[in-house]
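Participant: These are the residues of each chain, in order.
2 protein chains.
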Amino acid sequence: MKGLALHIISIIIMIKAILLGHGSGGKMSHNLITDLFVKYFSNPVLQKQTDSALLKIDNQDIAFTTDSYVVDPVFFPGGNIGDLAICGTVNDLAVSGAKPLYISASFIIEEGFKLDELEEIVNSMTERAREANVLIVTGDTKVVNKGKCDKIFITTSGIGKLNKNYVPISTGKNIKIGDQLIINGTIADHGMAIMGAREGINLISDIQSDSAPLNHLIQEVLSNSNSVKFMRDVTRGGLATVLSEITKGKFFGIDIQEEKIPLNENVNGMCELLGFDPMFVANEGKVLIIVNKEDSNKILNIIRNNKYGKQAEIIGDVVSEHTGKSILKTQIGGSRIIDMLAGEQLPRIC
Amino acid sequence: MKGLALHIISIIIMIKAILLGHGSGGKMSHNLITDLFVKYFSNPVLQKQTDSALLKIDNQDIAFTTDSYVVDPVFFPGGNIGDLAICGTVNDLAVSGAKPLYISASFIIEEGFKLDELEEIVNSMTERAREANVLIVTGDTKVVNKGKCDKIFITTSGIGKLNKNYVPISTGKNIKIGDQLIINGTIADHGMAIMGAREGINLISDIQSDSAPLNHLIQEVLSNSNSVKFMRDVTRGGLATVLSEITKGKFFGIDIQEEKIPLNENVNGMCELLGFDPMFVANEGKVLIIVNKEDSNKILNIIRNNKYGKQAEIIGDVVSEHTGKSILKTQIGGSRIIDMLAGEQLPRIC
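Each protein sequence line maps, in turn, to chains A and B.
The opening residue of the first sequence carries number 62 in the numbering used here; numbering runs sequentially from there.
The opening residue of the second sequence carries number 62 in the numbering used here; numbering runs sequentially from there.
Please keep in mind that the hints were generated in silico from the structure rather than gathered at the bench.
A portion of the hints provided could be inaccurate.
Identical copies carry no separate label here, and so any pair may be met within one copy or between two of them.
[Stated by the list, open to error] Below, computed lysine to any residue pairings styled on SDA-like, alpha-carbon distance capped at 25 Å:
1) K100 x E181
2) K160 x N224
3) K160 x Q392
4) K109 x N184
5) K109 x E192
6) K100 x T187
7) K290 x E319
8) K368 x N287
9) K225 x D356
10) K117 x Y227
11) K100 x E178
Go ahead and model the full structure; you've got the sequences and the hints to work with.
Facilitator: In structure tokens:
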């Protein structure tokens, strides 16, 4: 019997399989990307692992990005899967310092999905594309038998015109000690809106997803200041994962003041109720911007003048201490290391 | 009871839903694209409904395309889902007269999918990308709970450098009476390879998918001749659907000689056995090229010199009769109108 048990255990270990955590945007995702995709597809563009690929066609610099959306439920307070797909792709291009221009949209739909729901999704995509001033120029539709996918999945890819001067903003190579970190508003809204919709809690909580196209906000910042050092949209894995990525292997550390992080009271309440740390919860309309300290208040004001930046705050500093690590200074005077999301917190959040 | 029955029927009619035929690449797909996507996303680029979107960034002309792959089974004789994804996107760009350069790859994976199978797929993608001389530069991975998708879906998008001189090749606006049609080899191999793999027939039939990147073959044709009028890769919906699309609403007709269409004997046998018309069965490495008659033999020889064109044939002519229709001249001396695929023949063929 003992021999059999050992045999079964060794079989389980041998069958290496994809787990939910591989799609979390956190540690396991990063390992899968590095150990498999970057290893095989190996090329200098991919190895940079920027939000968008930064490319050249003859003398034209472009940014290119893709994302699949599998959010459950498809409709939620503040948006639907179509909103996410357009906003997510627009934001990936915008944080690379590119002007988003063209979007492709590919649909995988479960047989029996209602046409009027598809129409509502397509209508949302149209409105978001118009708001972001991008064109949806090509697409594809595949239908699979009932039970072979869950309602609808959408993959959007985007092309943007890249300003070569903004390339260091993707890589963060110009970040210096003393720079400051700005976020354009409250965190964890999207994740808790999805969670609320799933559990039926949103009926009493009124939490809305923050899904929004941020390209105009970002353009206003870039065209009015030369002191932006880094930008990244804060999505799966939450603010913690982005902060952990920025400092990993670097010569600097980051201090974050917990009391400065904008957080809606009801989102905080739901996080406490359900045992989530808002630092790890997904957003869909948030960007983290690192700027020269001298310009930080000017940039904060530019952001606050945009409708998607009214609750923006300076939340922390680039410091010379604890190099390679981001530290959260808590409201009660403690400190803790901010790590990447390990495993999966909320599957199918986007 | 009669009232109840009528009530139920009216409810069924009211709930308009997505059917498998909406993803077939045939009539229902076309109606969905026109009635929903083109209507909402309305813009001049999309309205052209070319294989790739033909775009401009400043003075640079580019082609942009996307496709989702949901093929079942994931592995089949002659390839796997990764092969299809790279070849399909490369071919969509190439038939637009563009040089494929950059590919994005987005994965939706079912929890529990084996890592070594994923590695085999990624390895195939790498090999195909190398063969086609394109770079896979960006990507995304989402994981859904077991049972919420079927193993793995891949969406690839591609960007190519567009030669403006080749734009009429996408639209076919230069097609003239007397032009001839060439196909680069046997039809229906991919569809029957998938069907065989599903039904376990391939163990005795040895039918292989024709999945292949055709960009080099196409480039050889374009760089050695100015007389290419039209190109289209022949995929879902088969040769019949492409032929029907070309003539629809046009001032010319097309005559196709059935006995000239290359068809493997065992593929023909399986089609007869299972009741499929090979004209409607999917291909993944076939291109239909319309050329000036004076150059047709020269171009045929160029194609036959490429490893993916050895069985190429001139299969028909552009004629002044039966305008707006393609007619198949059968081997027994009959004629029949070639129509678009209606409904769905083989779901999840690509």
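Participant: Hints first: check each against the structure and report whether it holds.
Facilitator: Each hint, compared with the structure:
| no. | hint | verdict |
| --- | --- | --- |
| 1 | K100 x E181 | between (40 Å within a copy, 13 Å between copies) |
| 2 | K160 x N224 | both (8 Å within a copy, 24 Å between copies) |
| 3 | K160 x Q392 | neither (38 Å within a copy, 56 Å between copies) |
| 4 | K109 x N184 | between (35 Å within a copy, 20 Å between copies) |
| 5 | K109 x E192 | between (30 Å within a copy, 23 Å between copies) |
| 6 | K100 x T187 | between (37 Å within a copy, 10 Å between copies) |
| 7 | K290 x E319 | within (22 Å within a copy, 64 Å between copies) |
| 8 | K368 x N287 | within (22 Å within a copy, 54 Å between copies) |
| 9 | K225 x D356 | within (22 Å within a copy, 45 Å between copies) |
| 10 | K117 x Y227 | both (14 Å within a copy, 21 Å between copies) |
| 11 | K100 x E178 | between (40 Å within a copy, 16 Å between copies) |
Checked against the numbered hints given earlier, this structure breaks only hint 3.
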